[in-house]
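Each chain, written out:
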Amino acid sequence: MSIATQLIRGRRPKLDPANPPPRRRRRGAPARPVWEEPPSPIGQGLKGVVLTAMVLAVLFPMWTVLVTSLASRETINATGGMVVVPREIDLSAYVNIFSGGQISRAVWVSTLVTVVGTTVSLVLTVLAAYGMSRRDSVAHRPLLFLFLLTFLIYPGMVPSYLVVTGLGLKNSLWALILPTAISVFNLVVIRAFFMNVPGELVDAARIDGAGEFRILWQIMLPLSRAVIAVVGLFYAVGYWNAYFNSVLYIDDNDKWPIQRVLQSYILAGQSPSVTGAPVNIPGVTAYPPTLAVKMAVVVITVLPAIIIFPFVQRHFTKGVITGAVKG
Amino acid sequence: MTSTDTSVTAGSGDHRGRRPPLRARLRRDWPLLAMAAPAALLLVVFHYLPTVGNVIAFQDYNPWVGDNAFEAFIYSEWIGFGNFETLFRDPAFWDAVRNTLTITAFQLVFFFPLPILLAILLHSILSGRIRGIIQSVVYLPHFFSWVLVVTFFMQMLGGAGLLAQRMREAGLQPMSIMSNPDTFIVLVTAESVWKDVGWGAIIFLAALSAIDQNLYEAAAADGAGRWRRLWHITLPGLRPVIVLLLILRLGDALSVGFEQFILQREAVGRQAAEVLDTYVYYQAIIPQQWGMGAAAGLFKGVIGLVLIIAANKFAHRIGEQGVYSR
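Those protein sequence lines, which keep their order, are chains F and P. For the first sequence, position 116 matches number 116 in the working numbering, and the numbering has no gaps at all. Position in the second sequence counted from 1, then plus 327, gives you the working numbering.
Think of the hints as simulated: they come from the structure by calculation, not from any bench. Check each hint, because a few of them may be wrong.
[Said to hold, decoys possible] Rough simulated footprint, nothing fancy, chain F against chain P, three-plus residues with beta-carbon under 8 Å:
#, segment
1, 390-403
2, 470-479
3, 484-498
4, 539-547
5, 605-615
6, 625-636
Beta carbons are placed, not taken as given, at the ideal position from N, Cα and C, and that holds for glycine.
Turn these sequences into a full structure, and let the hints guide you.
Rendered as structure tokens:
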């Protein structure tokens, strides 16, 4: 049975049903099997070099951006641009950004869209996933088919644009939320989890007089907190990162999300309408250097992903594999 | 996929044969239907309605002939394949198609294998803690937006970036990797690798941990060395997943991503960076050439569908399961 078929039938796919994956090794336990030959020093060395290079390739740019955003005018001038070695911590760029103006507004817009969007998406996705998780319910297969078919059909940018604007969503923040509110992929993941909950639990609840909403709320949700957290992170990151829909639908730059500001300000090099007021804090440079402000915007744009990431990351392998198999 | 009831429960076998009548089941299940309804409604409005809306590819669509979008669609003139003729006669369209296919092919060769290699490499790390740290770090960029990824690359490799800075200091002629159309394809592939190689490895890691350890032991007992075990056990173990992802990738051959290209189109020029999606945006949405844009979108959608079905057929022929069975 193909993986997709397993998903459609609501089973949690196993890559090889005959051999379930072995239990994870305990941390620090001796792991190399006796029959395996000891590693060659050259191989080990190469492996170390490659992996270190990869980790650095990810962390180094983030480090320089952070350090530059905290650098003073003198440091930036001395190094001729991006700063690698920190000399001092100068928060004036951040003070400048948050003292009002376009960037503050964009941060607010993005936060709003992310919070409202994630809530809407999670509620609708969880409801739909539960609604289609009963194997023998009415119309459950045609409904599922309706959802899964979207994987194969590409509706096209122009008709989508016409529908969204035709609904009067142009320049409305809902245009950043509604068209992308449902991710069928996430829905399939949650549904697979619901279907894995033992039917006896549901039956018992029903005998005690619980309705479907109550079963969902008091049985399903508490049992699938991990996967819902992961899916919530996916949705939140999606909304926070939304750029293209704002290009299509938001002309009014008071409603620009942060990604749009980042693009116009840093990639296209236009200057944002910041307050323009000098920062009046004792001991802080009057006008923060432009590059530091730019890098501060980058830091702010990255930040939410990095803050949430560690909390949800441990659920990845458990939560995502279920759906990731689908691709 | 039409569901006669027996076929649905054939596997589970509980209610087989004696099912309550439809009306009773409706009365029992209506809360479930109500729960699925809002999401289904959103899909119908924002996915299926535009899909149907593709008929304007055969119209000289004029948004102003009626009072609203729907009336405009009713009153617009039908022109058959006129839009497709205009489209296919536009050399810029074929440039975009060529760019898209070149980038897809390039990424297939230089990006697709990397997550597999990375997964094998990560899998070979015995210390769970070190592996966990590395995994976290390489997953991270997947959660960055394209705007951020391009910004990071620009600050490192662009004309005002760190590399150019250092080269200027060393008395060399600084170069901007970000605005060179000749190496653009390498640049976008490098960006994709930076963003997604770790994330792409997750699924292969899962497949790796599902391979039976006894196979390795048996092979080792038979005298197979490390590389032979890799070749005869690990790779065959990964094969179904590789084929599956390859099919999905082929189905997306005409969509290489939109944001990455629109963000960099200015810097390297249309010649190198125009892909199908940006073509639709610049040639149809901005100048409001709705009919032609819909034609281009339809072209892309249909080819994509054909490709994925064909690739799946092929997978079945060589004995793999593919995305869907049958």
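Evaluated hints:
1. 390-403: holds (count 4)
2. 470-479: This one holds; 9 residues, not fewer than the three required, reach chain F with a Cβ under 8 Å.
3. 484-498: holds (count 6)
4. 539-547: holds (count 5)
5. 605-615: Contact hint for the segment 605-615 of chain P vs chain F: holds, 4 residues under 8 Å.
6. 625-636: holds (count 6)
Against the hints set out earlier in the document, no violation occurs for any number.
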